[in-house]
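Heads up: the protein sequence lines correspond to chains X and F, in order.
First residue of the first sequence: 2, per our numbering; consecutive thereafter.
First residue of the second sequence: 2, per our numbering; consecutive thereafter.
I should point out that these hints are in silico values taken from the structure, not numbers from a laboratory.
Every residue gets a Cβ at the ideal spot worked out from N, C-alpha and C, and that includes glycine.
Check each hint, because a few of them may be wrong.
Examples of chain F residues toward chain X, derived with CB under 10 Å [stated by the list, open to error]:
| # | residue |
| --- | --- |
| 1 | Gln40 |
| 2 | Ala49 |
| 3 | Ala52 |
| 4 | Asp53 |
| 5 | Phe55 |
| 6 | Arg98 |
| 7 | Tyr103 |
Restricting the straight-line Cα-Cα distance to at most 20 Å, the calculated cross-link-like pairs of lysine to aspartate or glutamate (EDC-like) are [claimed, not checked]:
| # | chain 1 | residue 1 | chain 2 | residue 2 |
| --- | --- | --- | --- | --- |
| 8 | F | Lys72 | X | Glu100 |
| 9 | F | Lys72 | F | Asp19 |
| 10 | X | Lys72 | F | Glu100 |
Number of protein chains: 2
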Amino acid sequence: MDSCTAGCYAVIFTSVRDAAEGDGYAEAADHMVELARQQPGFLGVESARGADGFGITVSYWESEEAIRAWKQHAEHAATREQGRARWYTTCTTRVARVERAYGWQRP
Amino acid sequence: MDSCTAGCYAVIFTSVRDAAEGDGYAEAADHMVELARQQPGFLGVESARGADGFGITVSYWESEEAIRAWKQHAEHAATREQGRARWYTTCTTRVARVERAYGWQRP
Numbered sequence: 002m003d004s005c006t007a008g009c010y011a012v013i014f015t016s017v018r019d020a021a022e023g024d025g026y027a028e029a030a031d032h033m034v035e036l037a038r039q040q041p042g043f044l045g046v047e048s049a050r051g052a053d054g055f056g057i058t059v060s061y062w063e064s065e066e067a068i069r070a071w072k073q074h075a076e077h078a079a080t081r082e083q084g085r086a087r088w089y090t091t092c093t094t095r096v097a098r099v100e101r102a103y104g105w106q107r108p
Numbered sequence: 002m003d004s005c006t007a008g009c010y011a012v013i014f015t016s017v018r019d020a021a022e023g024d025g026y027a028e029a030a031d032h033m034v035e036l037a038r039q040q041p042g043f044l045g046v047e048s049a050r051g052a053d054g055f056g057i058t059v060s061y062w063e064s065e066e067a068i069r070a071w072k073q074h075a076e077h078a079a080t081r082e083q084g085r086a087r088w089y090t091t092c093t094t095r096v097a098r099v100e101r102a103y104g105w106q107r108p
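Assemble the whole structure, with the sequences as input and the hints as a guide.
As structure tokens, this is what we get:
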């Protein structure tokens with residue numbers, strides 16, 4: 002995810018998941034990523050979850066406006082409600098403006 | 002990690018780890034967290050890594066100055082070099098200013 006280096010926005014979503022296979026979570030999460038990709042201003046998403054159930058997802062957006070539109074997306078809102086009711090015990094969302102980025106890759 | 006809600010900074014560090022047990026990584030990572038906790042302006046840290054080796058660590062800081070000081074900390078710099086040589090195949094760091102935060106916890 003190299004397309005957000007400065008002036009773009011990161012939405013940092015941390016959550017604790019009630020681990021239970023076959024509860025529809027994986028399908029819903031994949032579908033949300035697909036749907037996010039289709040939104041105007043979407044730049045990318047990265048996700049990691051450890052065996053302890055704690056996960057971090059960072060999505061990247063061109064503007065605050067794009068973030069707001071995605072938040073208001075009806076299907077996204079409905080899935081968030083499911084998340085609250087069924088999949089997560091704790092969630093935090095932070096919206097942050099990216100100031101700079103750097104990195105490297107082993108050749 | 003509720004102490005960074007607005008006006009503070011998030012350092013989003015993503016990495017791909019060359020999985021190998023007993024290479025000193027876990028000890029070094031724990032030690033870096035201990036050391037970070039002692040730095041002025043440190044607000045917290047959250048970390049998740051999946052079985053695929055992709056990980057996200059977000060640390061939270063009061064100011065850009067605090068982030069710079071931690072970056073320049075000699076032991077931190079030496080451990081970063083080890084990370085590059087031994088533990089990671091890809092790393093990206095983003096510094097972002099937190100605009101707002103919200104969340105909930107299941108009662």
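Here's how the hints hold up against the structure:
Because the beta carbon of F/Gln40 sits about 19 Å from the nearest beta carbon in chain X, more than 10 Å, this interface hint is broken. The interface hint given for F/Ala49 holds, since its Cβ lies 4 Å from the closest Cβ of chain X, which is under the 10 Å cut-off. Here the hint on F/Ala52 is kept, as its CB sits about 8 Å from the closest CB of chain X, short of 10 Å. Residue-level restraint check for F/Asp53 holds (minimum Cβ-Cβ distance to chain X is 8 Å; threshold 10 Å).
With a cut of 10 Å, the hint placing F/Phe55 at the interface with chain X holds, because the nearest CB-to-CB distance is about 5 Å. Nearest Cβ of chain X to the Cβ of F/Arg98: about 5 Å, under the 10 Å cut. The hint holds. Taking 10 Å as the C-beta contact cut-off toward chain X, the hint placing F/Tyr103 at the interface holds, the least distance being around 6 Å. Distance check on the hinted pair: F/Lys72 and X/Glu100 sit about 16 Å apart at the alpha-carbon level, within 20 Å; holds.
Restraint check: the Cα-Cα separation between F/Lys72 and F/Asp19 comes to about 23 Å, which exceeds 20 Å; the hinted pair is violated. Restraint check: the Cα-Cα separation between X/Lys72 and F/Glu100 comes to about 16 Å, which is no more than 20 Å; the hinted pair holds.
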